[in-house]
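Keeping the supplied structure of chain A fixed, place chain B upon it in accordance with the hints.
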Amino acid sequence: MPLKLFCCDECIPERKNHVYIKEEGEDTTDFLPLSNIDTIAGSLSERGCSYCGAKLVIGGVIKDCIQMIHGPVGCAYDTWHTKRYPSDNDNFQLKYIWSSDTKEKHIVFGAEKQLKKAIMEAFQEFPAIKRMFVYTTCTTALIGDNPKAVCREVQEELEDVDIFVVECPGFAGVSQSKGHHELNIGWMRDKIGTLEPEITSEYTINVIGDYNIQGDTYVLQKYLDKMGIQVIAHFTGNVTYDQLRCMHRAKLNVVNCARSAGYIANELKRVYDIPRMDVDTWGFEYVKVALRKIGAFFGLEDKAEEVIAEEVAKYEGKLDWYKERLKGKQICIWTGGPRLWHWTKALEDDLGMEVVAMSSKFGHQEDFEKVIARGRIGTIYIDDGNELEFFEVLDNIHADLIFTGPRVGDLVKKLHIPYINGHAYHNGPYMGFEGAVNMARDMYNAIYSPMWKLAGKDPRETDSPMWSLTEKDSGVVQES
Amino acid sequence: MSCELMLKERTGIINPMYTCQPAGAQYAGIGVKDCIPLVHGGQGCSMFVRLLFAQHFKENFDIASSSLHESAAVFGGAIRVEEAVETLIARYPHLRIIPIITTCSTETIGDDIEGIIRKVNQKIKENHPDRDVKLVAIHTPSYSGSMVTGYDNAISAMVKALAKKGEPSEKLNIFTGWVNPGDVSEIKHILSEMQVDGNILLDTETFDSPIMPDKSAFAYGNTTIEDIADSANALGSIALSRYEGANAATFLKEKFDVPSIVTPTPIGINNTDIFLKNISELTGKPIPESLVIERGKAIDSIVDLAHMFFANKKVAIFGNPDLVFGLAQFCLECELEPVLLLLGDDNSSYKKDPRLKELEEKTNCDMQIIWNADLWELESRIKNKTIDVDLILGHSKGRYIAIDNDIPMVRVGFPTFDRAGLWKYPVIGYKGAEWLAENIANTIFASMENKHDREWIINVW
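Just so you know, the protein sequences line up as chains A and B, in that order.
Note that full-length UniProt numbering has the first sequence beginning at 1, numbered continuously upward.
Note that full-length UniProt numbering has the second sequence beginning at 1, numbered continuously upward.
Please note that a few of the clues may not be correct.
As the list claims (entries may be wrong) - For each label pair, taking beta carbons as the anchor points, the in silico distance ranges come out as:
| # | chain 1 | residue 1 | chain 2 | residue 2 | range |
| --- | --- | --- | --- | --- | --- |
| 1 | B | 303 | A | 95 | 30 to 40 Å |
| 2 | A | 11 | B | 217 | 25 to 35 Å |
| 3 | B | 388 | A | 310 | 43 to 53 Å |
| 4 | B | 131 | A | 89 | 51 to 61 Å |
| 5 | B | 383 | A | 159 | 54 to 64 Å |
| 6 | B | 79 | A | 158 | 42 to 52 Å |
| 7 | B | 74 | A | 424 | 53 to 63 Å |
| 8 | B | 418 | A | 120 | 39 to 49 Å |
| 9 | A | 395 | B | 119 | 31 to 41 Å |
| 10 | A | 195 | B | 119 | 52 to 62 Å |
| 11 | B | 449 | A | 120 | 40 to 50 Å |
| 12 | B | 461 | A | 324 | 25 to 35 Å |
| 13 | B | 224 | A | 5 | 29 to 39 Å |
| 14 | A | 120 | B | 461 | 49 to 59 Å |
What the hints assert, rightly or not - Below are the SDA-like pairs computed for lysine to any residue, each with C-alpha atoms no more than 25 Å apart in a straight line:
| # | chain 1 | residue 1 | chain 2 | residue 2 |
| --- | --- | --- | --- | --- |
| 15 | A | 130 | A | 143 |
| 16 | A | 95 | B | 384 |
| 17 | B | 8 | A | 154 |
| 18 | B | 134 | A | 40 |
| 19 | B | 383 | A | 123 |
| 20 | B | 58 | A | 452 |
| 21 | A | 288 | A | 225 |
| 22 | A | 293 | A | 278 |
| 23 | A | 457 | B | 92 |
| 24 | A | 117 | B | 447 |
| 25 | A | 103 | B | 5 |
| 26 | A | 95 | A | 424 |
| 27 | B | 385 | A | 197 |
| 28 | B | 123 | A | 38 |
| 29 | B | 8 | A | 125 |
| 30 | B | 123 | A | 7 |
| 31 | A | 113 | B | 371 |
| 32 | B | 125 | B | 82 |
| 33 | B | 215 | A | 456 |
| 34 | B | 125 | B | 55 |
| 35 | A | 116 | B | 55 |
| 36 | B | 215 | A | 415 |
| 37 | B | 8 | A | 288 |
| 38 | B | 58 | A | 278 |
| 39 | A | 103 | B | 349 |
| 40 | A | 414 | B | 62 |
Just so you know, these hints were derived from the structure itself, not from any lab.
Just so it is clear, CB atoms sit at the ideal spot from N, CA and C, and this is done for glycine as well.
So here's chain A without its partners, still in its complex pose (with noise of 0.2 Å):
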């Protein structure tokens, strides 16, 4: 079936290019949807902001840098208590924030002197903190502000600072995805190359496009360790400002979140040389391939299955007691872009779950054409999905659970689905052998909650066919 236009978005047919059902024998590239493109104004969209994609999703990350928002309060306390990345020393980055806190009158004349003022301050409260990024936001780009100079100052005053500058109004472009662009391409430009590394190891990595949520990065590292190789420069879980600085030294680019930081990607093989692996660092089959990959780049083929063996013969077991319970079920991914792909058919092969609706909050074509790629016939794939669309899908399939952000599970959970967190997840990590557990372990208790059987008896309906299956199945009910 070609494009499709849910019944709720007969007002806004233009929404009919945003949504495909893929069928058997069809030139999928006749049907890509639409992408990256205005969000429909009033349309309950899920997607965020461009500042929301530099300092929330990648700058945020970084454990030993201020992060100094540039703007009213408002864009500051908002992404702050709401990210789970941690960090090993002590989540820095996760228990503080900053804000120039600009009033009504540096609208009027300029904040330049009060960003000013706010980071003095800031490196003055903060003395073992040197590095510090600079985020605008809405109201300080529309007056102008020039916080490159405003920083250029401070760091002739104080010598052993490092500040960034990242220019990332809300309004720019049309959802988080120019953010991540803005970011990537302005540390390329002033950052990368400013510093150089110790090279501890002949193999040298950086792994790009991986947040550390909920300890993603470690474990990672640990098998990267494991294989004697270094990692110059986590972009960005778990990494210090300075380790950005080096990124030009390692030999390859390994690369999982191909949204966000490809863009560094490809400019560090266009100035470096340095070659991009694209990987899946999520999913029990890929992250081997991942693993093997990695391994024949460097000739180490002996140290990557050495890993795969130890890991698998720790998980496997466990990933098959889940695939037994959760084969056949289905299920939804909405959010933010790159996971639909990397997902969709790992939890196809790993689990044999079924993925039937996906949509992106921000993804391009190229996300499209990999999800489509890698989705199944009879699925629905949505760019810039909207609440009642989601209404509308879940009135059409069949959904036994949906990866999601927390909000949108809150209201499925009225309709007895029960959702983990496709964002930040429930129990990670979820990368990795044992991430894949993990997330199959949690898809597993999500489903099989009792609360679900509960919901949907009514204890009025005495004779409700509901009571003895609930006693049968749940054993709530004790026997008599």
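Same frame as chain A, but now just chain B:
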């Protein structure tokens, strides 16, 4: 004993206590039935706030964005509002009111919201002759005030736009301020015991929504357009919060001659007494024995705790201003020492708050009140050892201060996402006082056990 009001010395903010005005306006908007607030600005201004509400309530609330992109930021965003309203009306048949909330971007570029509304109203008449959808302009530039002023501005704007003189209603308007559904239940309970009909602005009790067997229920606000319109016909208004709704009550007094009282937020025994007295004065209804019994039960509970566990304990309090003042008064009632109060925005009218004078007269300790404060103000004082506190009362964004410094903390205010279900319980009224005292005690008890600090004392008290 002294009470000192000071402004934070730093220019920037580290760890903000409040978020910005539009978030407060969105909070007010979701309390109205058949309402989807439209946030005119970048997409983060609504998505992050929807997430914030989900953090606190574990529920979804519908809020739309005009999705301001670059072209609109440069050439004006009027068309984005027009399109958004049209899309909302066409896709949500039950929708009856759209507060149009500005943000820093759209205030800076100077979009003419009132003009846009006039134009869009005309279009609604043409395209949807069968629909009556109210559009209300809410000006909430994030670069002044805070979420507290944003909430206040939104309530005021909605009352100003909708209140309409008609038949006297015999109802009492209650402007709740930024409280929890549990507080709304408590207000309704008090009114019901006093046999007073209330018009609760805004009635968020339904935020506590069930999962129903037929999948029919969702979280929603329960104050209707008619309720807001009818506020002009009430026999009186009581605003429980000076900074969150009192302006709307004052407007009703000036425009429609509805008597209005700004009562001290009824946190603690004495403030609840004043609340009951004010209800009684406006309605002529006596205070029933049942509430005297409830009051006595609360006092009974607090007496078990106050001089045994609370006396001389130093407390830091942060949160919305009415909550902070109210909690400080409550602390003094139960022998706690509120040594540091933090108010998170630059509202100079705090200086004139009558509760300041009362605290000054009654305080049992040297008290500092910092306004325009951030949470680093609290943390740095604790780390520099310029203050010593035994207990923190505040919202969950201050949690690491308590965790890292090993200080027991009771979650109050907004948001309280790191404890389960707190939004279902009241902190106001006699029941709220009882709940607060017992939660403070239980938190201190758990901390004594964790630290092995005379944990054997918790046996015969």
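Consistency of the hints with the structure:
1. With their beta carbons about 39 Å apart, residue 303 of chain B and residue 95 of chain A fall inside the hinted range of 30 to 40 Å.
2. The hinted window of 25 to 35 Å between residue 11 of chain A and residue 217 of chain B holds, with their beta carbons roughly 27 Å apart.
3. For residue 388 of chain B and residue 310 of chain A, the hinted distance range of 43 to 53 Å is satisfied, since their beta carbons lie about 51 Å from each other.
4. The hint said 51 to 61 Å for the Cβ distance between residue 131 of chain B and residue 89 of chain A, and at roughly 56 Å that hint holds.
5. Restraint check, residue 383 of chain B to residue 159 of chain A: a C-beta distance of roughly 26 Å breaks the suggested window 54 to 64 Å.
6. At about 45 Å, the CB distance of residue 79 of chain B to residue 158 of chain A agrees with the hint of 42 to 52 Å.
7. Against the hinted window of 53 to 63 Å, the Cβ-Cβ separation of residue 74 of chain B and residue 424 of chain A comes to about 35 Å, which falls outside the hint.
8. The beta-carbon spacing between residue 418 of chain B and residue 120 of chain A, approximately 32 Å, falls outside the hinted interval of 39 to 49 Å.
9. Taking 31 to 41 Å as the suggested C-beta distance range, the pair residue 395 of chain A and residue 119 of chain B conforms, at roughly 36 Å.
10. Distance hint check: the CB atoms of residue 195 of chain A and residue 119 of chain B are about 56 Å apart, consistent with the given range 52 to 62 Å.
11. For the hinted restraint 40 to 50 Å between residue 449 of chain B and residue 120 of chain A, the CB-CB distance of approximately 44 Å keeps it satisfied.
12. For residue 461 of chain B and residue 324 of chain A, the Cβ-Cβ distance of about 54 Å falls outside the hinted range of 25 to 35 Å, so the restraint is violated.
13. A C-beta distance of roughly 34 Å is found between residue 224 of chain B and residue 5 of chain A, which places it inside the suggested range of 29 to 39 Å.
14. For the hinted restraint 49 to 59 Å between residue 120 of chain A and residue 461 of chain B, the CB-CB distance of approximately 51 Å keeps it satisfied.
15. Only pairs whose Cα atoms come within 25 Å are accepted, and residue 130 of chain A paired with residue 143 of chain A is rejected, the gap being roughly 28 Å.
16. For the hint linking residue 95 of chain A to residue 384 of chain B, the alpha-carbon distance of about 18 Å falls within 25 Å, and the restraint holds.
17. Our distance criterion of 25 Å between C-alpha atoms is met by residue 8 of chain B and residue 154 of chain A, whose separation comes to about 23 Å.
18. At roughly 21 Å between alpha-carbon atoms, residue 134 of chain B and residue 40 of chain A fall within 25 Å of each other, so this suggested pair holds.
19. The suggested pairing of residue 383 of chain B with residue 123 of chain A holds, with an alpha-carbon distance near 17 Å, which does not exceed 25 Å.
20. For the hint pairing residue 58 of chain B with residue 452 of chain A, the CA-to-CA distance comes to about 17 Å; that is within 25 Å, so the pair holds.
21. For the hint pairing residue 288 of chain A with residue 225 of chain A, the CA-to-CA distance comes to about 16 Å; that is within 25 Å, so the pair holds.
22. For the hint pairing residue 293 of chain A with residue 278 of chain A, the CA-to-CA distance comes to about 10 Å; that is within 25 Å, so the pair holds.
23. Only pairs whose Cα atoms come within 25 Å are accepted, and residue 457 of chain A paired with residue 92 of chain B is rejected, the gap being roughly 30 Å.
24. Note on residue 117 of chain A and residue 447 of chain B: the hinted pairing is violated, with a Cα-Cα distance of about 39 Å set against a maximum of 25 Å.
25. With a C-alpha separation of about 22 Å, the suggested pair residue 103 of chain A and residue 5 of chain B falls inside the 25 Å cut-off, and the hint holds.
26. Taken as a hint, the residue 95 of chain A and residue 424 of chain A pair is honoured in the structure, with Cα atoms around 17 Å apart against an allowance of 25 Å.
27. Simply put, residue 385 of chain B and residue 197 of chain A have alpha-carbon atoms about 39 Å apart, too far for the 25 Å limit, and the pair is violated.
28. Distance check on the hinted pair: residue 123 of chain B and residue 38 of chain A sit about 23 Å apart at the alpha-carbon level, within 25 Å; holds.
29. A hinted pair counts as satisfied when its Cα atoms are at most 25 Å apart, and residue 8 of chain B with residue 125 of chain A qualifies at roughly 14 Å.
30. Distance restraint check for residue 123 of chain B and residue 7 of chain A: the Cα-Cα separation of roughly 23 Å lies within the 25 Å cut-off, and the hinted pair is therefore satisfied.
31. The straight-line distance between the Cα atoms of residue 113 of chain A and residue 371 of chain B is roughly 22 Å, inside the 25 Å bound, and the hint therefore holds.
32. A distance of roughly 13 Å separates the Cα atoms of residue 125 of chain B and residue 82 of chain B; the hinted pair therefore holds under the 25 Å criterion.
33. Of the pairs offered as hints, the one joining residue 215 of chain B and residue 456 of chain A holds, with about 8 Å between alpha carbons and a cut-off of 25 Å not exceeded.
34. Only pairs whose Cα atoms come within 25 Å are accepted, and residue 125 of chain B paired with residue 55 of chain B is rejected, the gap being roughly 38 Å.
35. For the given pair, residue 116 of chain A sits about 33 Å from residue 55 of chain B by alpha-carbon distance, which is inconsistent with the 25 Å threshold.
36. In summary, the hint linking residue 215 of chain B to residue 415 of chain A is supported, as the alpha carbons are separated by about 5 Å, within the 25 Å threshold.
37. Only pairs whose Cα atoms come within 25 Å are accepted, and residue 8 of chain B paired with residue 288 of chain A is rejected, the gap being roughly 55 Å.
38. Only pairs whose Cα atoms come within 25 Å are accepted, and residue 58 of chain B paired with residue 278 of chain A is rejected, the gap being roughly 37 Å.
39. Of the pairs offered as hints, the one joining residue 103 of chain A and residue 349 of chain B holds, with about 17 Å between alpha carbons and a cut-off of 25 Å not exceeded.
40. With a C-alpha separation of about 15 Å, the suggested pair residue 414 of chain A and residue 62 of chain B falls inside the 25 Å cut-off, and the hint holds.
In terms of the numbered hints stated before, the structure departs from hints 5, 7, 8, 12, 15, 23, 24, 27, 34, 35, 37 and 38, listed from lowest to highest.
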